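K.L.:
Chains as they are written, first to last, in the working numbering: chain F, 404 to 726; chain A, 404 to 726; chain G, 404 to 726.
Just so you know, these hints were derived from the structure itself, not from any lab.
Here the structure is a predicted model, which means the values were calculated and not measured.
Be careful, since some hints might not be right.
Which copy? The list can't say, so a pair holds if one copy fits it or any two copies do.
[What the hints assert, rightly or not] Straight-line alpha carbon distances no greater than 27 Å define the calculated DSSO-like cross-link-like pairs of lysine-lysine that follow:
| hint | residue 1 | residue 2 |
| --- | --- | --- |
| 1 | Lys440 | Lys427 |
| 2 | Lys692 | Lys535 |
| 3 | Lys692 | Lys427 |
| 4 | Lys483 | Lys663 |
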Amino acid sequence: MQNFTSFTDFSEAQSLINLALKYKKDPFLDKHLGRGKRIGLIFLNPSLRTRISTQLAASNLGMEPIVLNMDKDGWALEMKEGAIMNKNTVEHIKDAAAVLGSYFDILAIRAFPSLTDKSQDVDEYIFTQFLKFTGKPIISLESATRHPLQSLADMVTIKENAQEKRPKVVLTWAPHIKAIPHAVANSFCEWALGCDYDLTVTHPEGYELDEQFTAGATITHDQDEALKDADFVYVKNWSAFNDYGKILHAGEDWILDEQKLANSPNAKVMHCLPVRRNLELSDEILDGKRSLVQEQANNRIYAAQAVISEILNTQAGHPNKKV
Amino acid sequence: MQNFTSFTDFSEAQSLINLALKYKKDPFLDKHLGRGKRIGLIFLNPSLRTRISTQLAASNLGMEPIVLNMDKDGWALEMKEGAIMNKNTVEHIKDAAAVLGSYFDILAIRAFPSLTDKSQDVDEYIFTQFLKFTGKPIISLESATRHPLQSLADMVTIKENAQEKRPKVVLTWAPHIKAIPHAVANSFCEWALGCDYDLTVTHPEGYELDEQFTAGATITHDQDEALKDADFVYVKNWSAFNDYGKILHAGEDWILDEQKLANSPNAKVMHCLPVRRNLELSDEILDGKRSLVQEQANNRIYAAQAVISEILNTQAGHPNKKV
Amino acid sequence: MQNFTSFTDFSEAQSLINLALKYKKDPFLDKHLGRGKRIGLIFLNPSLRTRISTQLAASNLGMEPIVLNMDKDGWALEMKEGAIMNKNTVEHIKDAAAVLGSYFDILAIRAFPSLTDKSQDVDEYIFTQFLKFTGKPIISLESATRHPLQSLADMVTIKENAQEKRPKVVLTWAPHIKAIPHAVANSFCEWALGCDYDLTVTHPEGYELDEQFTAGATITHDQDEALKDADFVYVKNWSAFNDYGKILHAGEDWILDEQKLANSPNAKVMHCLPVRRNLELSDEILDGKRSLVQEQANNRIYAAQAVISEILNTQAGHPNKKV
Numbered sequence: 404m405q406n407f408t409s410f411t412d413f414s415e416a417q418s419l420i421n422l423a424l425k426y427k428k429d430p431f432l433d434k435h436l437g438r439g440k441r442i443g444l445i446f447l448n449p450s451l452r453t454r455i456s457t458q459l460a461a462s463n464l465g466m467e468p469i470v471l472n473m474d475k476d477g478w479a480l481e482m483k484e485g486a487i488m489n490k491n492t493v494e495h496i497k498d499a500a501a502v503l504g505s506y507f508d509i510l511a512i513r514a515f516p517s518l519t520d521k522s523q524d525v526d527e528y529i530f531t532q533f534l535k536f537t538g539k540p541i542i543s544l545e546s547a548t549r550h551p552l553q554s555l556a557d558m559v560t561i562k563e564n565a566q567e568k569r570p571k572v573v574l575t576w577a578p579h580i581k582a583i584p585h586a587v588a589n590s591f592c593e594w595a596l597g598c599d600y601d602l603t604v605t606h607p608e609g610y611e612l613d614e615q616f617t618a619g620a621t622i623t624h625d626q627d628e629a630l631k632d633a634d635f636v637y638v639k640n641w642s643a644f645n646d647y648g649k650i651l652h653a654g655e656d657w658i659l660d661e662q663k664l665a666n667s668p669n670a671k672v673m674h675c676l677p678v679r680r681n682l683e684l685s686d687e688i689l690d691g692k693r694s695l696v697q698e699q700a701n702n703r704i705y706a707a708q709a710v711i712s713e714i715l716n717t718q719a720g721h722p723n724k725k726v
Numbered sequence: 404m405q406n407f408t409s410f411t412d413f414s415e416a417q418s419l420i421n422l423a424l425k426y427k428k429d430p431f432l433d434k435h436l437g438r439g440k441r442i443g444l445i446f447l448n449p450s451l452r453t454r455i456s457t458q459l460a461a462s463n464l465g466m467e468p469i470v471l472n473m474d475k476d477g478w479a480l481e482m483k484e485g486a487i488m489n490k491n492t493v494e495h496i497k498d499a500a501a502v503l504g505s506y507f508d509i510l511a512i513r514a515f516p517s518l519t520d521k522s523q524d525v526d527e528y529i530f531t532q533f534l535k536f537t538g539k540p541i542i543s544l545e546s547a548t549r550h551p552l553q554s555l556a557d558m559v560t561i562k563e564n565a566q567e568k569r570p571k572v573v574l575t576w577a578p579h580i581k582a583i584p585h586a587v588a589n590s591f592c593e594w595a596l597g598c599d600y601d602l603t604v605t606h607p608e609g610y611e612l613d614e615q616f617t618a619g620a621t622i623t624h625d626q627d628e629a630l631k632d633a634d635f636v637y638v639k640n641w642s643a644f645n646d647y648g649k650i651l652h653a654g655e656d657w658i659l660d661e662q663k664l665a666n667s668p669n670a671k672v673m674h675c676l677p678v679r680r681n682l683e684l685s686d687e688i689l690d691g692k693r694s695l696v697q698e699q700a701n702n703r704i705y706a707a708q709a710v711i712s713e714i715l716n717t718q719a720g721h722p723n724k725k726v
Numbered sequence: 404m405q406n407f408t409s410f411t412d413f414s415e416a417q418s419l420i421n422l423a424l425k426y427k428k429d430p431f432l433d434k435h436l437g438r439g440k441r442i443g444l445i446f447l448n449p450s451l452r453t454r455i456s457t458q459l460a461a462s463n464l465g466m467e468p469i470v471l472n473m474d475k476d477g478w479a480l481e482m483k484e485g486a487i488m489n490k491n492t493v494e495h496i497k498d499a500a501a502v503l504g505s506y507f508d509i510l511a512i513r514a515f516p517s518l519t520d521k522s523q524d525v526d527e528y529i530f531t532q533f534l535k536f537t538g539k540p541i542i543s544l545e546s547a548t549r550h551p552l553q554s555l556a557d558m559v560t561i562k563e564n565a566q567e568k569r570p571k572v573v574l575t576w577a578p579h580i581k582a583i584p585h586a587v588a589n590s591f592c593e594w595a596l597g598c599d600y601d602l603t604v605t606h607p608e609g610y611e612l613d614e615q616f617t618a619g620a621t622i623t624h625d626q627d628e629a630l631k632d633a634d635f636v637y638v639k640n641w642s643a644f645n646d647y648g649k650i651l652h653a654g655e656d657w658i659l660d661e662q663k664l665a666n667s668p669n670a671k672v673m674h675c676l677p678v679r680r681n682l683e684l685s686d687e688i689l690d691g692k693r694s695l696v697q698e699q700a701n702n703r704i705y706a707a708q709a710v711i712s713e714i715l716n717t718q719a720g721h722p723n724k725k726v
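Pulled out of the complex, with its shape left as it was, chain F reads as follows (with noise of 0.2 Å):
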């Protein structure tokens, strides 16, 4: 594996997942894997469980995590090719995206979109010239689109939880009152699909996502329905993709409870965190028996533990067979 932007390939995805789960074991398990080299962690946007848990996941395989706070440690990065840079941005994205890589083995990055640019968002504008100028891996902790870490930890925690080969998975949008990206909604989709579940989206009209991530997945406006004996219901508010970046309606009814669920008695809920109670999602949830948030949480650490050491054995030219 070179980058960790996206998901690939179904045999990738289930080599990461044990991977993932053999790490979740015994955490040491390859503990000299990352002796001497070091992974920055970039983030231009806050984050608590993504800083923390990739930290964690280097140190686990002996390699040290610098995090450097972006936005605030920094200076502002200017993004446009050819910019005559004589406002307030201090340093062009590609000057400071090589001297990262001349300074770290594995760079991870964090890069919300802007909700208000569509195609820069959608192009993935931060992360490319990322590729382009690096010259070292890049893991993506969160891009524009995508989450690819959250979800791989997803994987991980339904692949824990399921009863079925094959469960009924639903993606189902919750009211929120911020403006949100489609980053783990789309990723979720990609990921579900791409790991062969039977997946379904609902949510309000307006809120179609982008086709590209769900395109095979079952769609509709009728939350009852969609929920109907779902085996794990993944909640989570996304803004308009269409008319981009809107916030259409308060939705409020779309807030998942144990009334919506009554006819799902073995649905499992999930969530990436932080979660809004009692708008999103309701108390009697989040505290039941259904709840696997805190199990997505701890998986995030074993996720990110299987993306390095990938990265670091294909480095050493010794990746690891897929399964």
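Please arrange chains A and G on chain F, whose structure you already have, making use of the hints.
P.N.:
Quick look at chains A and G alone, frame taken from chain F:
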């Protein structure tokens, strides 16, 4: 020791003081004790000494410290049980606490009081939530009502410098321009009394501390009387407790200077730092031979190291024997 | 070497350059030298390259780096001797310096000039205080008047790329929109002259640097004349020194582009980064073969590593022999 959030009893305090002194002589004595373990240092408020000394303490024990500036790097926390989170808070404390508990072996937390909601502060609401939801040992890096690592370092400093078995210890209120928490003052009383020192507390009328911390001390508004023949003088500002969080008056004549110590030739002067020079304490004292403030700051490392060591040993099933 | 805050002499500079080149070939050559030691990286201003390269340098030597963003994580510092601290500052620099000195084996500090109080800046007030009160070796991560780690990395880069024994080195002023410190320009002159290079400094009228740094250089307002047959061209903005901290005019025609190097076929171009593209330096140069800016940034690691190594060896009683 399961958690370290307050004074417990005389023998545990003596045990910690002695262990701290042992580590001061040989910081790397137990350098493998924390191998493969992580302590999360969670700051909801700024810090210099506490942050660095605790990092060094953990590192001396071979334990990996990871700092999280929750207020800046993470998300705004919701504190209220059952809240409908449709406002500014992004994550509920119980979800964050549980995630952090799953990421770390020990959590160390700093959470200042509001100084506006007295009952929430007195009930240590934030610490109570962490204790309830993390499932891991908690170390206080200063809570709403206590700063036990500071007090332990203070007791170590008194032990190192005491000429008498039962020295006269004076806590004297000092002027300040901001409303300052009671934590350092409360804890100092709790520990000095618990360690069986002869404690006098002096302050202007209206600045009475919470009686649960001062019961057993001599309390007076006469600063001169209090300072007479003192062995140790601890200088500290705090806001009013009864008229909660208020500054009642400037009180500039309560500054501690050499003139006030004319009748206390042996008095050593203590302060937890940061100190406002020439407002709380005069330059002549801080730069003179009476001052122990740098020793206190240095002892913060070994106080934290003793506490982490005790918790690690308890986790491992072999707590240090009490003295 | 006790401290590293400025150029000292030719032989020490050569010794550091050679040691840096040795570490560049084998970064982990002395990986146990700093074992059990800590370096505090104290930032009173933002940083990207300096922060990360110094962390990596320390870590290559087995030394633990701890970063403190004093401006954000800590407290506002009082700088004035004898101040009555009843305003915004929370801690006096002499108390903070002493505490930090007791926590670390080496302190590395970044403190930009005010650009308003000339005499305080020229006297290096902040560094003087740290040197006076820490009792530990100090490394400059850029002070009010100098940036010696940058200059050492620059000298390493020149040494690697020089065709001649005594190359023609040109420092050329570049336009900018903000008032920029003199530290990089001053230090570059100090080191280039101290290393016995043929130095020319060119700038618009009014931008004369402090003569203590430029004495011995050819100084001209004719940029074309200065650039002719140059081997190395260092591009850098600075604000006025005589009319202290002022921007005298836009000076946009002072940008360095290919056209200006028509008569300097062998000229390599240097800049300390961050660089404002198409304002200070054209894209064609930065993205072309003349540019050494990425090499300079990479050499920051080994420059810092050489300096830390010398200080650790001096502390241990066996300083490296000079070349």
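K.L.:
Sort out which numbered hints this structure fails and list those numbers smallest first.
P.N.:
When the structure is compared with the hints, none of them turns out to be violated.
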